[in-house]
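Visitor: Heads up: the protein sequence lines correspond to chains A and B, in order.
The first sequence begins at 1 in the working numbering and counts up by one.
The second sequence begins at 1 in the working numbering and counts up by one.
Hints are not guaranteed to be accurate.
What the hints assert, rightly or not - Cut-off 25 Å, straight-line C-alpha distance, at most; resulting in silico cross-link-like pairs (PhoX-like, lysine-lysine):
(1) B:60 x A:60
(2) A:147 x B:150
(3) B:147 x A:161
(4) B:180 x B:40
(5) B:66 x A:150
(6) A:47 x A:26
(7) A:66 x B:150
(8) B:75 x A:156
(9) B:167 x B:211
(10) B:147 x A:88
(11) A:66 x B:26
(12) B:57 x B:39
(13) A:57 x A:161
(14) B:75 x A:57
(15) B:57 x A:75
(16) B:60 x A:66
(17) A:26 x A:167
(18) B:66 x A:2
(19) B:66 x A:46
(20) B:2 x B:23
(21) B:156 x A:66
(22) A:46 x A:178
(23) A:212 x A:178
(24) A:178 x A:23
(25) A:47 x A:161
(26) A:147 x B:88
(27) A:150 x B:88
(28) B:53 x B:26
To be verified - Short, incomplete list of chain B residues facing chain A, as computed with Cβ under 10 Å:
(29) 109
(30) 113
(31) 141
(32) 149
Please keep in mind that the hints were generated in silico from the structure rather than gathered at the bench.
We put the beta carbon where it would ideally sit given N, CA and C, even for glycine.
There are 2 protein chains.
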Amino acid sequence: MKRAIVLLSGGLDSATTLWIAKKHYKPLCLIFDYGQRHKKEVNHAKKIAAEAKCVYKVMKIGLPGKTDSLTNLSKPLPVNRLTKNMGKSIPATYVPARNIIFLSFAVSYAETVNAEAVFIGANAVDFSGYPDCTPGFFRAFNRAIEKGTKSGVNSKSIIIKTPIINKTKAEIIRIGRKLKVPYELTWSCYRGGVKPCGKCDSCLLRAEGFKKAGMKDPAASRSQRTERG
Amino acid sequence: MKRAIVLLSGGLDSATTLWIAKKHYKPLCLIFDYGQRHKKEVNHAKKIAAEAKCVYKVMKIGLPGKTDSLTNLSKPLPVNRLTKNMGKSIPATYVPARNIIFLSFAVSYAETVNAEAVFIGANAVDFSGYPDCTPGFFRAFNRAIEKGTKSGVNSKSIIIKTPIINKTKAEIIRIGRKLKVPYELTWSCYRGGVKPCGKCDSCLLRAEGFKKAGMKDPAASRSQRTERG
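Chain A with its partners taken away, still in its complex shape:
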């Protein structure tokens, strides 16, 4: 079976992307510990990879500067924003060149294991306005790896695949439900509390997505169970 690298963050978008990738590829998951606010999402990503019966690699990397509110704890996280406004500007949670860095490592990994594709759960509909989640960026990046890698110049370029980029959160959740994605194992909240904060962009987009999909968030009920003991 053809191989693909799948970037896994612990959230529901990348988990859904993994199950989509599984239909046609043997996935190798790549998880980044990049100095984000908490390690909880890394642990959730590992559980998701294990549940999918996929091998995974956790890459610990430091970023050269910390000016954003995901890697710099002294910067406040935006809260209670209206989801309809989120895609219109770039918020304080934008981590400079994050996806460019993640994809670079993924492409490097892909070349060493002869993987044909790199899957990323980027979304440009119900999202926080990050430029490295847009179709235009991925088109340009695909061109760069076509020109700048051995596989690319040998006409076997690794392709970055973004299967959910144009879906709404509700559509992603409906796709995931059909594929039996274990959403109870996913973690979306930017904070690493006992249960999701419910106020950050990521929590708000998730809550709205489940509501519009007409489905209860299984992770929310699991958190409550955990809290009750």
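Using the hints provided, position chain B relative to the given structure of chain A.
Guide: Just chain B, lined up with the frame of chain A:
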């Protein structure tokens, strides 16, 4: 003065690039400890940055796979190749997506310190045929950061600059001589011996460059002095 990130490897191309960048920018040097065969080049890069009176940051990163002969010691280094044939194919020393990874970190760093450019001493004339050293790759990568970064979408995109990409090694050395680049501090050899091996691609390209520039390699005479004690 405008800021720029300069990628520094310890070799003569990146040292020359640093002195070129210094003419118009305040450089911040970025050095990578990525699991290459030896740490000697990292130490040389630090000395070069210090000699240029520039701040530097050493980033230690692991690469996800090691299939090349620069990061995998069990893979033999190509030796005694004819320099005129080197650019015609991709050798075993090709490290998958190396420059893509380095540039991604450099762009991230640039965004956090408001640097306008990233300088890289890539060369596509007297080189080993690496695809991530070619003008086509840099054009495509510039487009990717224009589309995928905050600075890019705000029309202040960071630009990857490759001032020596179309120069021969002899031309680079002549430029560097005029700029008083301390070539005695540079290290090009892929091995980390007491003195350069004289057989790897990097040694051969360097020797030919100095010969064609009609100049004695000051690092070679320094190695001999060191050897004599």
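Visitor: Quick one: which hint numbers does this structure break? Sort them smallest to largest.
Guide: none
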